Amino acid sequence: MSKYNPSKIEKKWQKEWEKNKLYFTKDKVKGRKNFYHLVMFPYPSGDLHMGHWFNYAPADVYARFKRMRGFNVMSPIGFDAFGLPAENAAIKRNLDPKDWTYGNIEAMKKQMKSIGAVFDWSREIITAEPDYYRWTQWIFLKLFEAGLAKKEKVLANWCPHCKTILANEQVQNGECERCDTVVEQRLLDQWVLKITDYAQKLLDGMEKINWPETTKVLQKNWIGCSEGAIIKFQIPNSKLLISVFTTRPDTIFGATFMVLAPEHELVKKITKDQQLGQVNNYLEKTKKKTELERLSEVKEKTGVFTGAYAFNPANGEKIPIWISDFVLPHYGTGAIMAVPAHDQRDFDFAKKFNLPIKKIDLDSEILNQLSKKGLAERKITYRLHDWIISRQRYWGTPIPVIYCQKCGILPVLEKDLPVQLPKLEDFKPSGNGQSPLAKVKEWVDIRCWRCFSSARRETDTMDTFVDSAWYFLRYADPKNKKEFASKEKLKAWLPVNMYIGGQEHATKHLLYARFITKVLADSGYLDFNEPFSILRHQGLILGPNSQKMSKSRGNVVDPDEMVKKFGSDSIRMYFCFMGPYENGGPWNPKGINGVYRFLNRVWNLVNKKPGNDKSDKAFHKAIKKIGEDIENLRFNTAVSELMKLLNEIEDKQPAKKQIEVFLKLLAPFAPHLTEELWRKVLKNKKSIHLEKWPEYDQRLIEEEMIDLVVQVNGRTREIIKARRDLKENEVRELALKSEKIKRYVSGKEIRKFIYISNKIANIVI
RNA sequence: GCCGAGGUGGCGAAAUUGGCAACCGCACGUGAUUCAAAAUCACGCGUCCGUAAGGACUUGAGGGUUCGACCCCCUCUCUCGGCACCA
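Those letters in the first sequence? Residues -19 to 745, by the numbering used here.
It should be emphasised that the hints constitute simulated quantities derived from the structure, not laboratory data. The structure presented is a predicted model; accordingly, all values stated were derived computationally and were not measured. Be a bit skeptical, because a hint or two may be false.
[What the hints assert, rightly or not] Below, simulated SDA-like cross-link-like pairs (lysine to any residue); rule was C-alpha separation at most 20 Å, straight line:
#1 K331 / G283
#2 K10 / L75
#3 K252 / G287
#4 K644 / K10
#5 K732 / I745
#6 K131 / L75
#7 K632 / N587
[What the hints assert, rightly or not] Distance windows between CB atoms, simulated:
#8 L198 / E675: 52 to 58 Å
#9 L168 / N190: 36 to 42 Å
#10 G559 / E708: 39 to 45 Å
#11 K637 / I745: 49 to 55 Å
Where is the CB? At the ideal position from N, CA and C, for every residue including glycine.
Please model the entire structure based on the sequences and the hints provided.
Dropping the structure here:
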């Protein structure tokens, strides 16, 4: 008998499956429902790591299971190819980002194929391909038409290392998420997508999607809805009004001063001459602060008096107007009424600057009264920021806009898409707030399509997250030259039925994708408004020392090495078996031994001559359990059940029929091993991966004899083999006959007898 | 500070969701096989007492509800994630 040698069989079957287009997905198959199964596409960093494997391998078990259950499963894959990391890596190596990226894609494809997944490579997309990004640009134009893409002067996060503006989502604790450099605040003209216009829709849409609750909560908090009111305060002897946002209009009688954000537009208008010096001084100082500094000063309030006052509209009281950077420019109206008796921050500020603190009674009527006078209105605000998508970098989708001397900002015409990214000798970021594309005169200078005056192209590129905010639509129709995808194919596949990927995308990709989907739906291009019906996350794989895998820590486990040593099937199964999928955890170098041994035992069993044990009770139980477990992504207990089944049948010399069922149950987990045994040992003509998932018979799962647990006062004292479905008095008689039970019960009064059918009897004395 | 998820053997974990806590593995121990090792196979393996039969204890801590609680309720505690001067 030959030995199980994964490296001998895995490559062979991968080639064979590819040759016979086993995983080529048609848009329609008679008698099969379409099922769109999606994993998050990788960034072509050049190396497929265990994290990717952990996402793709168990997800592939699910896809294979769905196929066997009769679905026409599409499981596409591609590459999120634009963006900073590739560009930075290319700069470091003195390579063109394109060459670097495409080289990585080739290398990673090979690695990905070693997983043995059902990916349909014929639908592969690469976001850096003109055929792809033309539609990214087209979507931008749709947003532009709808007034949802705008060039605005915004206070934005500037990363001095990456030399570009970043979206709020890409800044963590005041640092650039890519390079951990402290970001600066800069006021610049940037392209923003008005995601805040969709804040409420994004909140409401969560009702109907099957996503992990925790992920929904993350998004909800990120969008951060608060209900309150806008109230107007008048400045004496002028027509100027200062609007404030408050969630507590009922505290207005306690408002003893107002505070404006330093960036507030009225600051310059209201400041009195005698205060001008101090105010300017303060504004200069805050401008220089980084986000991090501003955050670290939470406890210590700073501020300056403007010399101006405003009337409290509730009682006409004249209260001073201050400036402080604890008031944020982008939240509410950038101005507050301060109620030190009811708010800790206002209190701290009042204490520091000796401002009055007034205790008052709450007034729930005041909002209505002020509303009638036109001085207040109810208002909901959100913490969510608009999505700044301008990047002053080279390796991204060009923003399809031109600036005409006469006509101003104009979109590029659809027929002129794609605006191709030109090849550049020097693509390094300049750091002067301009994209390197600005230096390419022959690319930048064009004629206006409307008036033929000279015009300039927009030279910023788009945030990579725009590319990935719609890629799942393209898979339905990846080669379409006329549309981003045809109506028909969208209808055939979307929305995505099952989406599996990391939770770290909760407030980035997953939010953006929902936003873009809703915009396209509102413009009539989609007839659904949530992209991912079911979403599930895999956990994080750590190094053997329980720390995040990284080269600097020296704890990286190389998947290629593991494939060589144990084979893909073992890694797949180990990842399924190691624990709940959403947990992740450290890679246990010994742990994989367990599944490797298991696969060896399967190999040996099937290679033995089949016996004639046809008992199948254990099989029915296993078919049910494994099927239900995979459906719910409980891969660990599914594998456990397979192991139990093997333990049970291994010594019984099972018949060929039983062996076949066993292999089918194992097939989604170990596609190579099962294929080899199915075709070469059992001599089947067709692939096991075209087989149907076995059926089970519920009646055969229920044993006729049960283990009746007998407790006395809630403690188990005896287990009796008993016939199923006994009546209560029969059980009572049986229990009291037991010698052990007699010992506990004799001479005592039985106060209660509880019997739960086919499970447990409890005698209370 | 606010929001969320958790805490079960030496380790990963399981528990029909209120009904035998620790399935399935890893690691470990003993034995078989071997000249020897690896591999493989068999047995053992929550803690304490006991040669054993058996008994007592045990799901972060404390309380409650219940015939019965890892599961439900209350209080506390620790760990991990997210947000964070959001008016």
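Status of each hint after checking the structure:
no. : hint                    : verdict
1   : K331 / G283             : 12 Å, holds
2   : K10 / L75               : 49 Å, violated
3   : K252 / G287             : 5 Å, holds
4   : K644 / K10              : 23 Å, violated
5   : K732 / I745             : 7 Å, holds
6   : K131 / L75              : 32 Å, violated
7   : K632 / N587             : 14 Å, holds
8   : L198 / E675: 52 to 58 Å : 40 Å, violated
9   : L168 / N190: 36 to 42 Å : 40 Å, holds
10  : G559 / E708: 39 to 45 Å : 41 Å, holds
11  : K637 / I745: 49 to 55 Å : 52 Å, holds
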